[in-house]
Each structure stands twice: as C-alpha cells, then as structure tokens.
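Under the numbering used here, the first residue of the sequence shown carries the number 840, and numbering increases by one thereafter.
Since the hints were derived computationally from the structure, they do not count as laboratory data.
DSS-like mimics (lysine-lysine), calculated; alpha carbons at most 25 Å apart, straight line:
| hint | residue 1 | residue 2 |
| --- | --- | --- |
| 1 | Lys1364 | Lys1328 |
| 2 | Lys1364 | Lys1433 |
| 3 | Lys1433 | Lys1421 |
| 4 | Lys1364 | Lys1335 |
Distance windows between CB atoms, simulated:
| hint | residue 1 | residue 2 | range |
| --- | --- | --- | --- |
| 5 | Gln1105 | Glu1264 | 36 to 46 Å |
| 6 | Glu1004 | Phe1071 | 37 to 47 Å |
| 7 | Gly1471 | Arg1379 | 24 to 34 Å |
| 8 | Ala944 | Asp1332 | 10 to 20 Å |
| 9 | Ala1407 | Ser1353 | 17 to 27 Å |
| 10 | Glu1299 | Arg1385 | 41 to 51 Å |
| 11 | Glu1147 | Glu1299 | 56 to 66 Å |
| 12 | Gln1105 | Ser1226 | 18 to 28 Å |
| 13 | Thr1426 | Glu1264 | 50 to 60 Å |
| 14 | Arg1166 | Phe1133 | 20 to 30 Å |
| 15 | Gly1224 | Ala1407 | 21 to 31 Å |
| 16 | Leu861 | Arg1410 | 56 to 66 Å |
| 17 | Arg1121 | Glu1255 | 35 to 45 Å |
| 18 | Arg1132 | Thr1426 | 55 to 65 Å |
Please read all numbers here as calculations on a predicted model, not as lab measurements.
Heads up, the beta-carbon is just placed ideally off N, CA and C, and yes, glycines get one too.
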Amino acid sequence: MDFFEHQQAARRNTRVMILLYLLAVAGVVVAVDLVLAGIFLNVADVELRPGLGAMDLLRLVPKGVYAWGAIGTVGVILTASTLQIMQLAEGGSAVAEMVGARSVAAETSDPLERRLLNVIEEMAIASGVRVPRAYVMPEERGINAFAAGYDVSNAVIAVTRGTLETLSRDELQGVIAHEFSHILNGDMWLNIKMLGVLAGIVFLGGIGTFLMRTAPDSDDGKATVGLFAVGFLLFVIGYVGMFFARLIKASVSRQREFLADASAVQFTRNPDGIAGALDQIRASVRGALVTNRFAEDMSHMYFGQGIEVWLSGLFDTHPPLEERIARVRPGFHATRYRRGRAEAGVGPTLDGAGVTARVTAGSTAGFSPFAAAGQRASDAGNAWGRSAAQSAGLVGTLDAEKVDYAAQLLAGLAPELRSAMREAEGAGAVMVATLLAPRQEVMQLQLAGLHAAQLGALGERAAALMPLVSRLGRGFDLLLIDLCLPAVKQASDEDKGRIVGALEAAVHADRRVSLHEFVVLTLVKTQLASRRKPGSVRTRPLSALRNEIVLALSLVALAGRKPGADPAFEREAEAAVAAGAKAAGLTGAQLLAKEVVSLEAAGRALRELMTLAPLAKAVLIKALFTTVTADGTIRLMEAELMRMVGAVLECPLPPLIEAVDPATLAA
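Model the full assembly from the supplied sequences, consistent with the hints where possible.
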C-alpha cells in the first residue's frame, strides 16, 4: 500500500476498533451487573429456595438494579474516555508529558541527545516530514521508543534513556526509522485515538486497585474489609476491561510492527541496524520493559513489548523478538553480531563524526545536482522522468538514498548556522534570511520594514546569517525552514508572533509577494497556527471542492513562469490545467486568470483542501503533478511549491530537486 492507502486503512481500523470497543463496554456492563446482582442477593431480604439455578437467581434481582448498573457503568466509561481524550488534545506532546518524558532542547549539549536529534533530522529531511519534537524518558532503563501525534506535522518521538545509552548509532537509526514508519503509515493517529478510547474500559480496574491499596490505612476494621472487598470486585471487573483492551490492542498492532520493521530496513538500507536493536532488547536485563504507570495504557505504542502479560500468545501487542529479527535479517547470528559489535566499538558512540565520515566517503552518484557547487540554482526546467502516478507515489516515502543526502546536507551546514537554528530567536533569523533579497536596495527596504515593525534586531541577525543561507542555494530554503521549526514551535506565543511578523514585514517591504515568499510564509504560518480539532475526520470528496482544486491547478501551472514573456506560455498553462483537471476527474475546468489566482485566494483554497479524505488527496496530488510536469520537466519553484502544498495537506514529499550537490557544501 502507498501513503494514502495506509491513511485510509488506519481509518478503517478505527471503525473495527470502535466495534470491539462496544463489545468491550458490553462485557464490562455484564460484569458490573453480575457483581451488583450478587450484592443484592446477599443484602436484600430475598427468599432463596433450594434448587434454584444461576439464571433463576438472576431473575430474582429487580430489573432496575441491572438498568442503573448499566447506566452508571456506561457513564463512568464514557466519562473516563472523554477526559482522557481531552487530556490528549495537544497530541503527541501531551502523550509524552503524560509518561514523564522530557523534551530535548534543540541546543542540548548532551552528546547522546544530540545524536538523537541528528538522526531524527536526517529522517525528517529525507521523508519531507516536519522535524518531530524529540523527548527522552529519563527514568526508563529498558530499550524502547514511541511516536505519537494526531498529524504528520506535529508528531513527537520519545525514547527511553536506556535506548540512548545502550544502542549504537546504526541501531538507534533503525529504531527511529521504525517510528517514522508509524508516522507515515497512519498508525500514530490510530494509536493515540486508541489510547484515549480504551482508558474508559480499564478505569474501573484502576479504581479497584486504588481502593485495595488504601483499605489498610483505615482505622475501622469493618470499613477496611468492606473497602477492600469493593476494591477487589472492581479490580475483577477491571480485568474484564483489561482483557478486551489487550485483545483490541493486540489485534490492531502486531502486523503493523512487522511493517514498521520492514520499512526501517528500506529506509536505512541496513538490516543489521533494526535487527541489532531488537537483539539488544533480547540481551538486556531490562529488555524493553517500561515501569511508568501508563505502561499498560500505552503498550500498543511502543517499539518493543513494554509490559509482561499472561497468555502472551493471545495478548502480546508485539510479535516475538526472534520472529521480528528473522524477518528483517534472515540468518542473523546473535553471538557473531555481538562480538563484532564489541570489537568494532560501535556501542553508544558519543559523537556525530561517524555519520560525516560515512556519507562523505561514499559515492554521490545517487544524487541529482542541478546547479554547480555553491551556486544559486537556476529555475530552468529539469527533466523529471516520472509519470504523474509515480510522482504522487513519492508522498510519504523514505529511502536510504535520501537519508544519505540528508546526512550530507547536515554535515555540510556551517556551524554558525546550526547553532542559530537551535534556539528560537536564531531560528527565526534564519527563516527571515531565506526571504532577504540578493539585491542590496531591496534588502535595505526589507530591513527598514523590520525596523519599522520594531523587529530591527531580528532583521540585523538575519542579514548577518544571509551569506551562509545564500551559499546553499534556493533549493535548500524549505529544508532550512524545517530544521528551524522545532525550536520555533517551542517558543512562547509572543515570540512566535514576532517571528511571523518579521517574515510578513520582509515579504511586504517591496509591496509585492513573490511565489517563493508565499511558499515560505504559508508553510511557517500553517505550522505555527493552532491545530485543528484533534482526530477530526477528513472525508470530503473532490466534487465538494471543485473551485479550490481548479485554483490550485492554476497556481502550479503559473508557478515559476512569467506570463506574457512568451506567447506560447498561456497555451502551455491552459493545456497543463486541462491535463490536471482530467486526472482529477473534473470536466470543463479551465486555467483561471492570473488576477484571480491571488496568493491570498490560494492560501484559503489550501486550507479547504486539507479536509479532503485520504484517497481524494491522492487524486489531487496526482492531478497537481500532472499539471506541474505537463512539459516533461519540473522547475525549482514548482518543486518548492509542491513540497509546501504537500506539507499543508499533510502529504509529505521528500526533496524533489537537490539543487546543490551536498558533498560540496563543506568545500
């Protein structure tokens, strides 16, 4: 399946989960009613005749007991689930903070945390995903990790301290690649929904456990016995809920773990990485166990089996380690691997030099530089060589070649630039620097506009960083934006507002908005905007957004070109829109006039197109690529625009054009 089919499958699995959830609620209700019936028969003045069967005894209980028991139980379950869902409204960060994880600061000096950030950045650049926020669970010594969030752009990845301290860089990369698979395949959205929904059916068991723990503290002996008895009964009922919760999680999770393992091999081209990480779990005294009080609730989200369960074959959320290793690395020999691992000194490497050496020593034949080293890329059409369907198939993909490309890019960034991007003010300055014009007179207008907006200091810092940004080439601007976003997202709302204000001042200083400025500003604003309602289902069909689709097709048809300069331009643009409209199944669609395709209108259209169902988005992306590559080429501006559209629509696109060979950046 491709990205869109995985997203659709995740929503189908949600319907299955809801069905199983309703069965679980029914099971808990029956358990509660049986307990209430037993209590009633013991305390009420009911004549129990000899020879009565179980069903006869249950008929002696008034129907009102069953009814109120059912109403109360359903009310408690729904309330607990609702409260949990509300608690998780902030998405992945709420999940990470719930388990006591600590956010890794972008400017951290801890070498293990820096290595984690570096690996996550490589994966994000290679896949076109916004860089996930990194968290560490400092008290957890087992080897484990999870990804969480409601959407691709606001994901987080959390790892245990044991993962950082135990795994080599290659093994850590395998684990992070596994988690990126969950982000790209829609598992993350499903998992966090499951976490909220299942909270209700295990809630009664949690109350029972609490009562049994607190009963001995009572001074009243009779009250102690009664409290413990009630707690025990609720605990038993809770195990009914836990039975169904574990069954639901096991039914949804196992095959997805196999898929994520296989994807990790594809992403890294290194089966020993993921196999070695799994083997380290097998060799470790702590294994993958998580001691946090939410370990049971989140067992389906972890990289490894985080809890011990009875009837493991039935209730395990993860396949056996041996089977997972055999699938990704047939013939894996643990003793040989561990010996070689120790001899090679590839334990918890503390520096990032290994990745720099690895990628700079390798061949750059896999890259497609379209400009000479160190030069700004031209916007002449570059041969594309893919069909529209193949182009749309790039959404949500990640391969080892792109990971190597990302590693070379990161290794080649100037230290001053990397340092600036690790704190919010510096990251904002780098963002502004991507918008500063190369012409001195225009840049002075932009800096004057920033001073007028009381943002002069930010503008001066951006001007100082501009030579480092300009050296990379225009094709890297969006990649720099992605690397800046994690630090900016952690800033206060006031600081975020200042950074967006600085971008707007730089854009509007010369009283015109270029397409590049529109792309950068739209990407940043959508990433920093308040998130839509968690878990909102996007199901609108293409037919409901015809006008917005035609506007988007017209936008990409006009991208990077100069209408009027060539008499054939309008005919080419009309043909491109007609081809894209045909791919989208729209009849009679025509190129809109340049005046109609304003950047403000385009921004509104993209926000509406976010509500399309996953498979409808697949058709839209294919139609946009049909339009963009109608002449058999793709321009840098078109590639940049397509990546921004993909980011806004939650359809991540990997780098389409490497405008400068990353191997030359350090030269």
